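Peer 1: Sequence:
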Amino acid sequence: MALMNNNHKELGIPTSIEEEQLRGISRSVGEIEWLLLIVVLLYHVFGGSDPDDRPGIVLSMVLYTMSIMGLRYATFFKRESRWKLAVETWIMTAFITWALLHTGRLESPLLNSYLLIIITSALALGKLTTLLELALIAVCLVLLGGDFTLVEIISPMYLAGLFVQLAPMVLVAYITTMFASDIRYGISQKSLPSETDELTEALSARGFAIIADSLFGQAIRYHRAITLLIIECDTLKQVSDEQGHKAGDDLLASLIKLIQAQLRRSDILARQSGEEFVVLLPETPAAGALHVADKIRMAVAASSLTVIGRTVTTTVSIGTASFPHDGNNLDLLLAKATRNVYEAKQAGRNRVVQQSGR
Numbered sequence: 001m002a003l004m005n006n007n008h009k010e011l012g013i014p015t016s017i018e019e020e021q022l023r024g025i026s027r028s029v030g031e032i033e034w035l036l037l038i039v040v041l042l043y044h045v046f047g048g049s050d051p052d053d054r055p056g057i058v059l060s061m062v063l064y065t066m067s068i069m070g071l072r073y074a075t076f077f078k079r080e081s082r083w084k085l086a087v088e089t090w091i092m093t094a095f096i097t098w099a100l101l102h103t104g105r106l107e108s109p110l111l112n113s114y115l116l117i118i119i120t121s122a123l124a125l126g127k128l129t130t131l132l133e134l135a136l137i138a139v140c141l142v143l144l145g146g147d148f149t150l151v152e153i154i155s156p157m158y159l160a161g162l163f164v165q166l167a168p169m170v171l172v173a174y175i176t177t178m179f180a181s182d183i184r185y186g187i188s189q190k191s192l193p194s195e196t197d198e199l200t201e202a203l204s205a206r207g208f209a210i211i212a213d214s215l216f217g218q219a220i221r222y223h224r225a226i227t228l229l230i231i232e233c234d235t236l237k238q239v240s241d242e243q244g245h246k247a248g249d250d251l252l253a254s255l256i257k258l259i260q261a262q263l264r265r266s267d268i269l270a271r272q273s274g275e276e277f278v279v280l281l282p283e284t285p286a287a288g289a290l291h292v293a294d295k296i297r298m299a300v301a302a303s304s305l306t307v308i309g310r311t312v313t314t315t316v317s318i319g320t321a322s323f324p325h326d327g328n329n330l331d332l333l334l335a336k337a338t339r340n341v342y343e344a345k346q347a348g349r350n351r352v353v354q355q356s357g358r
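No gaps in the numbering here: position 172 of the sequence shown is 172 in my numbering, and each next residue is one more.
Possibly wrong hints are sitting among the right ones.
[As the list claims (entries may be wrong)] With a straight-line Cα cutoff of 30 Å, these simulated DSS-like cross-link-like pairs (lysine-lysine) come out:
#1 Lys345 <-> Lys237
#2 Lys295 <-> Lys246
#3 Lys237 <-> Lys257
#4 Lys345 <-> Lys257
#5 Lys345 <-> Lys246
#6 Lys257 <-> Lys295
[What the hints assert, rightly or not] Computed spacing ranges between beta-carbons, pair by pair:
#7 Val142 <-> Asp331: 52 to 62 Å
#8 Val87 <-> Glu343: 49 to 59 Å
#9 Glu31 <-> Phe163: 25 to 35 Å
#10 Thr65 <-> Leu150: 35 to 45 Å
The set of hints was computed from the structure by calculation and includes no laboratory data.
Keep in mind that this is a model prediction, so the values were computed, not measured.
For every residue, glycine included, the Cβ atom is placed at its ideal position computed from N, Cα and C.
Using the sequences and the hints, build the whole thing.
Peer 2: Right, dumping it as C-alpha cells:
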C-alpha cells in the first residue's frame, strides 16, 4: 500500500480510495449537522424555549450555520480528513450544549441530541476519538448540572447520577464502534485485493478507475487540464523469456518504483495490465505532460535495475493524451494514449509520442 499512500494530496478532490470513502462519510455527517440544526430550530419555533433565552438560541444557530458552511464550502477546506470531521463534531457539541443551556439544561428534551455526535464519531472517527467525545460530553453534562463544588462532583451519589445519564450514550458508542469496525474490516478485506496490484503494490486497473473517474469529473466541471500517460516496458518479454517469470516480476516491481519517483504526490500511478502502466496527471496540460513523460523515459533508460540478483537495463515507450484536446471522456483519452504508445513502439521504442488533436 506504500505507493497508493504516496498518491494522497492536498487537493479538493479525492486522490485515493480512502479519501473517496471519506467523502461519502463526510456527506452523511453533513446531513446529520443539518438535521441537528432543524431539530433545534423546530424546538425554538414551536415555543419550547423561554422568550428570554430565544436571542441566545438564535445567535447560536447563526454561528453554527456559519461554521458548518465555512468548513463545508470554503475552498481551503475542500480536502476531506478525519481531523476536519472531528472539528465538526466539536462544533456540534458546543452548539448542543449552548442549546441545552437555554432550553432547560439537563431537563431539556434536546439532551439526546448528544447521541448524534456519538454515532457520528463512532462511524467516522474510531474508538479513541469516540471515547474522547464521551469525555467531552461528560464535562458538558457536569457544567449543565449547575454550580457544584469539586467535593460534590466526586461524591459517589453525584458520580452515580452522572453514570446513569452517560450509560445510554456509552452503550450506543460501544455498539456503533463495534459495528463500524467490523464493516470497515470487511470492506478492506474485500476491496484490497481488487484495488491494488499484488506484485507492485500500485493501484490496479479497478482502483485506478475509481479515482480517475472522480478526478476527470472535477477536470470537466472546473475546466482543468488533465493528462493520461500509458507506459509500456520495452524489454519485459525478453527478460522473462531469458531469465524466467520471477525476473520479469522483479523488473516490473523495480520499474514502478522508478516511475513513482519521477511523479508528484498528486499524480496517480497504476498497473493497467502485464507490462503496461497508466499515469494520470491532474491539472497538467499537454506541454507539461510531455516534460513528465520524457523525464520518466530518461530516468528509466539511465538506470540499472536489479532482478534476481542481476543488473539489467530497460527502456519504456510512452503515449500521452490530454483533456480537452484529445477527448472529453476518460475512455477516449485511454484509447488515444494507447494508440500513441503503440506508435512509439513501432517507431523504435524508448520514446514518447504525443499527437494532440489527432
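Peer 1: Give a verdict on every hint.
Peer 2: Tested hints:
no. : hint                          : result
1   : Lys345 <-> Lys237             : holds (14 Å)
2   : Lys295 <-> Lys246             : holds (28 Å)
3   : Lys237 <-> Lys257             : holds (19 Å)
4   : Lys345 <-> Lys257             : holds (22 Å)
5   : Lys345 <-> Lys246             : holds (24 Å)
6   : Lys257 <-> Lys295             : holds (14 Å)
7   : Val142 <-> Asp331: 52 to 62 Å : holds (60 Å)
8   : Val87 <-> Glu343: 49 to 59 Å  : holds (51 Å)
9   : Glu31 <-> Phe163: 25 to 35 Å  : holds (31 Å)
10  : Thr65 <-> Leu150: 35 to 45 Å  : holds (37 Å)
No hint from the list above goes unmet by this structure.
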